[in-house]
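Asker: Between the sequences and the hints, there should be enough to build the whole structure, so can you do that?
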Amino acid sequence: MRRHVILRVLLYVILIALAMIYLLPVYLMLLTGFKPFNQVDLKTMWDLPTTGLYIQNFIAGFNQLSPNLMNSLTMVIPEAILSSLLGSINGYLLSKWKFRGSDLVFSLVLFGMFIPYQSILIPLVKFMFTIKLYGDIPGLVFVHIIYGIPITTLIFRNYYAGIGTEVLEAGRIDGASLTGLYRWIIFPLSAPSFAVVIIWQFTQAWNEFLFAAVLTNQSHWPVTVALNNLAGSQLVQWNVLMAATLLAALPTLLVYLFLGRYFLRGLMAGALKG
Amino acid sequence: MMSKKLSFSLFSLLLVAVMILSACGTAATPVPATKAASSQVEIFSWWVGPGEADGLAAMIKIFDAKYPQYTIVNAAVAGGAGTNAKAVLATRLQAGDPPDSWQAHAGQETIANYVTAGQVKPLDDFYNSTGFASVLPKTLIPLISKDGHPYSVPVNIHRSNVMWYNPKVLSAAGVTIPTGGFASWTDFFAACDKIKAAGKTCLSLGPEGFTAMHLFENVMIGTIGADKWTGLWTTPPTTDWTGADVQAGIANYAQVLTYTNSDASTLSDWQPASKMVADGDAAFNIMGDWAYGYFANAAPNGLALTPHTDFDWTPTPGTQGIFVFLSDSFVLPVGNKNPDGTMAWLTVAASKEGQEAFNPLKGSICARTDCDPSKFSEYSQDAMKDWTSETVVGSLTHGVVAAPAWQTKIDTALKLFLTDTSKTADFQTALAAACKSDGTCK
Amino acid sequence: MRHKFQLNLPQLILAVAIIVLGFSTMYTLTKTQLTVFGNDFTSIGLLISGLIFYVGILIIVAMYQDETVLSIAILIPSLVAVAIFVYGFILWSLRVSLSAWQGLRPDYTFVGLKQYIELFSNDLRFNIDIRNTVMFTVLFILACLVLGLGLAILLEQRPKGENIFRGIFLFPMSISFIASGVVWGWLMNPATGARLTGINLIFHFLHLDFLIGKWFTTAMPWGMAYTVIPAVWQLSGFTMALYLGGIRSIPEEVREAARVDGASEFQIYRYIIMPMLQPVTLSAVIILGHMSLKIFDLIVALGKGDIRLDVPGIYMWTTTFSGNNYAQGAAIGMLMLISVAVLVVPYLIQNMRSETKL
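Chains as they are written, first to last, in my numbering: chain A, 1 to 274; chain B, 1001 to 1442; chain C, 2001 to 2358.
Some hints could be false.
What the hints assert, rightly or not - Listed next, the stretches of chain B that the computed footprint assigns to chain A, with coverage defined by at least 3 CB atoms under 8 angstroms from CB atoms of chain A:
| hint | stretch |
| --- | --- |
| 1 | 1091-1103 |
| 2 | 1148-1159 |
| 3 | 1268-1281 |
If you are wondering where the hints come from, they were derived from the structure by calculation, not from laboratory data.
From a predicted model like this one, the values you see are computed outputs, not experimental measurements.
Here a beta-carbon is modelled for each residue, glycine too, at the ideal position from N, C-alpha and C.
Answerer: This is the structure in structure tokens:
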């Protein structure tokens, strides 16, 4: 019994120590975010702000980012929802309705995850320009959905592979078709997997810079481009940058909090099992 | 299977939708696509930081007053010392959608990039009709022209060869700077030994991004002089890349690095290196004259220091009488949406009014020689005098003398050298190879 | 059931209606513009109406009662998209990598494998890149797997406040790589003496001075190893979540049965749970591996151009957009792609085989 108590205490000690280590950079970001510029220096990194909490950084950061906030939201929310739906359908078909060569098809689709995006920037921009989807948010949504196909299909396919065929058999006996099975059986069971995919796609698209900078015009820039402009120029205001970064991380944090329970349930149900 | 009732209702819904949509479709009058676009002038740059953004905003304000029929779209993208902006610009140029004008370093960066690719137009007519040619220094125009045609409108001039120092650190170590600056790097090293003995870093340096190359060009010019420096970049070079002059420059560079701070590569950018001088941790810092704003301006963007008391400046060793310049300029694109808007923008950028609004805020001096000195800081007034009287040579780091491909190869060679500063011979070989790859050397 | 066309009149009418709707919208949009709230949605409108048109076709295909055909038909839009946006563009990149394109004007003159040969034979910088990327990938994947599994096992003991701990470990993933690189650059600052700062200062404060180090400024090649730290900080939480999901999906009865048979907790982990986590490890390796081989933002923010920390992603970016050497940039990109394929394809093949066995 004593051994159990000691182990339990040890567990908490280790967890708390690890948590503190993981939170260290966040603490530093917060600390810097609350300092005025003249107190930001490598030498005084750990010093608390001497003149009280300088919240102007957060206000300035918010002002810099808020015009682009709407752009990011109108881009990421439709993108996450649509790409997860698409991945769900694809994953369902590739796992439950296998035809000759469907595994090969899946591998070819999966391969799309591996390309370095910098190397396809130019043909991408040229193509988007030709089909007149260049410069605005819908084009960016379109691109994210397409490049999200590989990983969303992967996650859903693995998830559905874990759902036994008995469930589907029962539905077939009742006379359900391919689409009927999806609508009445598979889709209702997919909530955990949707959580995993939506969280992943949301995070990826929200923090994505390259496509955002290259495919949208200035008036349609998402938050990442505005944030990057804070981070790189002749003179960087580190305090404002840190405050703005924390603000920019809030939406993803909210998504985690909201969908977090389902995220774990989704992973439990084998969404990302091989 | 869907029940009959369900499919029937869906079917009717769809019929209704079809009717509504076709109604809307025919009702929607064709919006003339170019109407909104032709009143916008899209200006592309990487000026987002304090100072530069303010300068740009001031120039835009003048533009708005003079050309109310146009609206400027300020599409500035920062990051990577301009590489992000360059990437965005390059992809747009490849796609055939150039902005109405963009910021480019005057000199080879513009010529080798955009002129060679046929993406910008010559500005002879503009120069003649506005009289711009007569207010630019004579030494500048050949550097921004190809085959005798100028291709950009310089708005500002920055100086590369400035050495900032902390007078208190110098006097505490017993170092005095000869009038006009150190005559040679050897003299400078002697001073450095005294500083080192007093326990301070002699020369503070920033990370490898561009500061290392900035120091390199200053060491080279200070060692071999203005003529030989210009001779390195002519076609073919009149100064031999494999010769003793370059060798001496590299030797000095290797030696100066021994007097720099060991944590240079971890500093976030050039500002912390300059701050070392402000804080009294280092004696000297070689940085372009945009550092003046950092030292002298009020918080939060500056350190609010007093010139001559808290900080001072002198030409980098061996470069008295030499003005190593870099210049930001705007171009006239081929095939942009609003050519008239571009000409309007270029007119403002070239005008006395525009440059007098832009430069004091950015901390640079006018490219024009006729700007009013009273609008500028004490340092800038000195710089303006030097600009018209000293020998003008171009900066390597900031795109004047070498094409981007060549400069990138030099950059790689330089960075490899920094990993082992004993390999001076390899460095020189790599520099010569870089010249060959550009096609300038045979 | 093959080729049995089952005509279903309401369905047919529905399909035709949808086809007409889609087609007429497409036609209208080619003639006029669609402006919503001042934004030009013509192209998106065309896309959507094209999809509506396709849905109508699908309904007709469904009437053939052949699920294979229907399945393929539904997959076709995704496959076409991937064919263009992935394979089409990669072929373009391949073509450029075999060309002599330097400068802003495209130049597709064929020069064979010249770029690749030069990268491997003459290019000191690329050699550094290869070494760095191998080191980074190996260390990153190992550290994430070990730490992720460790954290998952710890959290599996159901401590109080498990949700909070989980949130803390998962949070770093939501921060952009650029910010992470900047902050860890501050934390790992190697300055000594009066300018001691960052984690070194904490070590000093805790009287652990022997731990003070040069971090990522350590001499080549070991400095690169430290760049793994911010990446692990960000992705170990995700790996932990993967493993947690994997562990918790193992039915409790299996563990109970083992306990009844007299196995200790440790033995249960070692002989039952770990083997069942192999598929999770596979997924983790794929996701982590492809991220690490393409790593870019983080190293730029951390290293600020230091060539000792160079990776192919950075070299490709600099040579393409600063040096205008598009051919070389494309070649580096292709090599990056091949390296990911080499890492992942064997796993995939093994996975496919084991699946068909079942």
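Asker: Now tell me, hint by hint, if it's right for this structure.
Answerer: Hints, one by one, checked against the model:
Counting residues of the stretch 1091-1103 of chain B whose C-beta lies closer than 8 angstroms to any C-beta of chain A gives 6; at least three are required, and the coverage claim holds. Taking a C-beta to C-beta cut-off of 8 angstroms, the stretch 1148-1159 of chain B contributes 0 residues in contact with chain A, too few for the three needed, and the coverage statement is violated. With 5 residues having a beta carbon nearer than 8 angstroms to a beta carbon of chain A, the stretch 1268-1281 of chain B meets the requirement of three or more and the stated coverage holds.
Consistency with the previously given hints fails for number 2 only.
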